[in-house]
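Residue numbers (this note's numbering), protein chains in the order written: chain A, 1234 to 1440; chain B, 1234 to 1440.
Where hints are given, some of them may not hold.
If several chains are the same, the list does not tell them apart, and a pair holds so long as it fits within one copy or across any two.
Using 25 Å as the maximum straight-line C-alpha spacing, the simulated DSS-like pairs for lysine-lysine come out as follows [stated by the list, open to error]:
| # | residue 1 | residue 2 |
| --- | --- | --- |
| 1 | K1357 | K1288 |
| 2 | K1394 | K1357 |
| 3 | K1325 | K1259 |
| 4 | K1288 | K1325 |
| 5 | K1357 | K1325 |
| 6 | K1259 | K1288 |
Derived from the structure by calculation, the hints contain no laboratory data.
There are 2 protein chains.
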Amino acid sequence: MTQEFESSLLESAVSEISRLPGIGRKTALRLALHLLREDVATSVALGEAIINMRKGIRYCSVCHNISQTDICPVCADTRRDPSTICVVENVKDVLIFENTGSYNGRYHVLGGVISPIDGIGPDKLQIDSLIMRVATGGISEVILALGATMEGDTTDYYIYKRLEPYNVRVTQLARGVSVGNEIEYTDEITLGRSLQNRTLFSDSIKD
Amino acid sequence: MTQEFESSLLESAVSEISRLPGIGRKTALRLALHLLREDVATSVALGEAIINMRKGIRYCSVCHNISQTDICPVCADTRRDPSTICVVENVKDVLIFENTGSYNGRYHVLGGVISPIDGIGPDKLQIDSLIMRVATGGISEVILALGATMEGDTTDYYIYKRLEPYNVRVTQLARGVSVGNEIEYTDEITLGRSLQNRTLFSDSIKD
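Okay, chain A solo, but in the shape it has when bound (with noise of 0.2 Å):
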């Protein structure tokens, strides 16, 4: 269906909604149409949710999170502990570590990981910056949360020869054994991580 519409403005509409990843012209008609058929009150929240969000956030001069205020509410929060960074790939991930309701510490957004593929080297995200706070003192450990693939692989080294000249624990997340997970299903080299860092069991029933 690549012809027009006779509607311009559908046209429009049309257009601009297959701009967005994943949808392509044939789901954004049926997204307007859909629309089409809902209240007007229902296409102006929408509309206007979309440009109120994009006018009204910007990023933490911190830690790179998404932000209403110059400084993101983690960042600004006195009860979080300041000495933990939590480093992550993207703002999804820190909306992930928040619900598990388990992470107390502070965040630092990369923006990507380290791929040559792709044309990502360490300038293009947000290490500089990382490394800034971490010689500005106060920091006692880093954690490394980047997803257990080769291009996380490769960052979480190139940070951690990064911190190396000063006085900070670089940490990884536990690879292992996803919990509910049978053990015929994970993979073998999972099984081998998770058998060299195996834990002591009577630690696991403290919780």
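Fit chain B to the supplied structure of chain A, relying on the hints for placement.
Leaving out everything else, chain B in the frame of chain A:
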């Protein structure tokens, strides 16, 4: 991810986006974060296109197709045959027939098909207004172009019976083997219909 986000602007955008059919909260979040990475102009264009479309588009008072004017461009086009009405289920079908480039008559958008299971009776569809168009005169043919489903067939039959009192030719789209399809992948009912309604081969080579 049922917890609300730190940012109320993000929360509100995600919840509005996830009201769209087929888009859950995870996809909505992915789309919102994509927009946050793009220029402000992208979000403004998207938001405004949606609002302007919904506010600017209404339904043609004759055929119920979407239109930016009281009478849609198809109904207003005097070069199109006013004596033929193609009855379609929805607005999307009008676009599809227009894109074939092989129809030069007018349309009538029912807004659905009769489906007792979904609680859709003839009174919920634009059937009365179709009968009225025919009753007003000047219509020589009504083409039933609904889907070849049980609901489509039911609706076809209902419209056919309602049109009996009027001197109008009621036709239906040909049912048969899809162009490009192998016989072995065509279902038996379609094959039966296509055998029954076989056409003169000499007619097919005239085009």
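Go through the numbered hints given earlier and state which of them the structure violates, listing their numbers in rising order. Checked against the structure, no hint fails, so every one of them is satisfied.
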